[in-house]
Amino acid sequence: MPGNAVVETQGLSVHFGGVAALDRVSVAIAEKELRCLIGPNGAGKSTFFKCLTGQLKPSEGTVQIRGEDTTGWNPHEIARLGVGIKTQVPSVMNGLTARENIWLAAKRRNTARQADRIVAETLDRLKLGEFAGTEVVRLAHGQRQLVELGIVLAGKPWLILLDEPAAGLTGEEVQRMVEVIREMNTEASLIIVEHDMHFIRSIAKIVTVFHQGRVLIEAPVETVLADQKVRDVYLGRKG
Amino acid sequence: MKTGREILLTAIVGFIFMFALPLLLSHYTLTVLTAFAILALSLGFVWGYGGILCFGQAAFYGLGGYAFAVAAINTQMPWLGFLAAILIPAIVAALLGAMMFYGRLSDVYMAVVTLVFTLILFKFMNTTAGEAYRIGSARLGGYNGIPGFPTLTKPWNPTDYLYNESLYYFAFLLLIALYLIVRLILKSPFGRALVGIRENELRAELMGYDVRLLKTVAFTIGGAIAGIAGCIFANWAEIITPNMFSLGQSSEIIIWTIVGGAGTLAGPIIGAGVLGYLKIALGENSGLNNFFIMGIVLIAAVLFLPRGIFPTVQSLLSRVSLGRPRQRISRRRRSRAG
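Which chain is which? The protein sequence lines are C and V, in order.
Reminder that position 15 of the first sequence reads as 15 in the working numbering, one-by-one numbering, no gaps.
So the working numbering is basically just the index in the second sequence, starting at one, shifted up by 1000.
Simulated from the structure, these hints should not be mistaken for laboratory data.
In this text, all values refer to a predicted model and were calculated from it rather than measured experimentally.
Be aware that one or more of the hints could be misleading.
What the hints assert, rightly or not - Among chain V residues calculated to face chain C with C-beta under 10 angstroms, some are:
hint, residue
1, 1079
2, 1105
3, 1107
4, 1111
5, 1183
6, 1185
7, 1200
8, 1207
9, 1279
Glycine included, each C-beta is placed from N, C-alpha and C at the ideal position.
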């Protein structure tokens, strides 16, 4: 086991009935690393992601986060370790304002006064001040994505899990997202599930490619993008 | 609005109603309506803010009544009964809530479980006629219920019973106090997290909130408030029967809340007062079936006042006082205030 792994899975499997959505996956992610998980639809990357966040309980295998065995933990217990999580479909509290959304995230680990300060900082950092008092349900998709990022940031996580952060964003918004992610990476390790190849090219360092529930290849982004097998299962088909 | 000012304003409005309502209706009628209002407040909190659709709020109402009667008979100290009427329903709600929330029941199953729970109590209490069914010296009395228990007295004079006028003022003061307590809870970090859970349970969990625990606590608070309502009812009726647990009672609480305005606290209170009075008024008229009327009122409210009486009146008033351009701001402000 590498000494500096913040997340390590061993033999992680998830079976849905007879189907193995995830088949004995062992992955280790190092401190301050930015790891991208890619793969075609149904490759198992979201299943893997949900095992890390506690939304799914693996059928077999273990998940360790900073040396702690978190296999089968509930999402809130994993979050309390200092793990920030962004789901695929923006998961925000629709009827509440952007400010209240971020405040609730900040309050979990802080006093009310500290939380107020963190909210102000976060709104500023994401340039969301203008929408702070607006109910999230009225915001555009890209703004909602940013609010969710704000929720993640307000928890001051040291490990951040992002599921398709670039989905549905405009080119400009993707650029902003890339900046924010780079900045987050200076303080935290990141695991990002993504489809958008443009986005992957601009931020990825090491990429893990999933295919049919297994890890196909794990290598620096240039190697992965040049790999013929990867092109066949994923990029080739996508055209 | 600053919390202190809001409390003061609410209390003033509450007191105005407390003294004005007896000009229209008798203290006797108003007392039972106040009990209904407290009961509706409990569901308004649990459902409107906690997002927990409890079809069996009547269970805790009935348990409050029975706990009061049984404890008052056994100890001859009605104020101990009052305490029991809070504690017993709260404990039962905590157990039932923990079972449902830690068991991860979905909303539909939760509604069914809570409904069945109150119906089981209804059936059971109906079968408790006879000597065998007694708790201490209190006979449960089957479908005849428990009559003749000692009722609440003035704390400083144990022979001076609270009834009619004094019971009304006591009940209404309780209603004001409970309303304020719930308001403060909703302003606290716990209350804000609870509303967050209502809006998005998964997100709350991913923030690190233990949703199961927070919902159980909310459900317990709701149970305690419903128990107080049951205690007031018991003191008013001076008899309790299994009907407190009935399907009719359970559904009425939900109708009050919907018609008054779910998602507010004042709405359910108003709904309970208006519909509760309608039921009493219609009860004197044998030509019309009560359930029939309640059904029509519910359907009319859902069709024409989908947000309920209170929110509709509120937005009408703000339209009149603020004029059109400022409407949106006020709506936003109100939604923040809940």
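Going down the list of hints, with the structure as the test:
1. 1079: With a minimum Cβ separation of about 36 angstroms from chain C (threshold 10 angstroms), the hint on residue 1079 (chain V) is violated.
2. 1105: 16 angstroms, violated
3. 1107: 17 angstroms, violated
4. 1111: Hint on residue 1111 (chain V): violated, closest Cβ of chain C at ~21 angstroms, above 10 angstroms.
5. 1183: For residue 1183 (chain V), the interface hint is violated, since the closest Cβ of chain C sits about 17 angstroms away, which is over 10 angstroms.
6. 1185: With a minimum Cβ separation of about 15 angstroms from chain C (threshold 10 angstroms), the hint on residue 1185 (chain V) is violated.
7. 1200: 5 angstroms, holds
8. 1207: 5 angstroms, holds
9. 1279: 32 angstroms, violated
Hint check: violations occur at hints 1, 2, 3, 4, 5, 6, 9; the rest are consistent with the structure.
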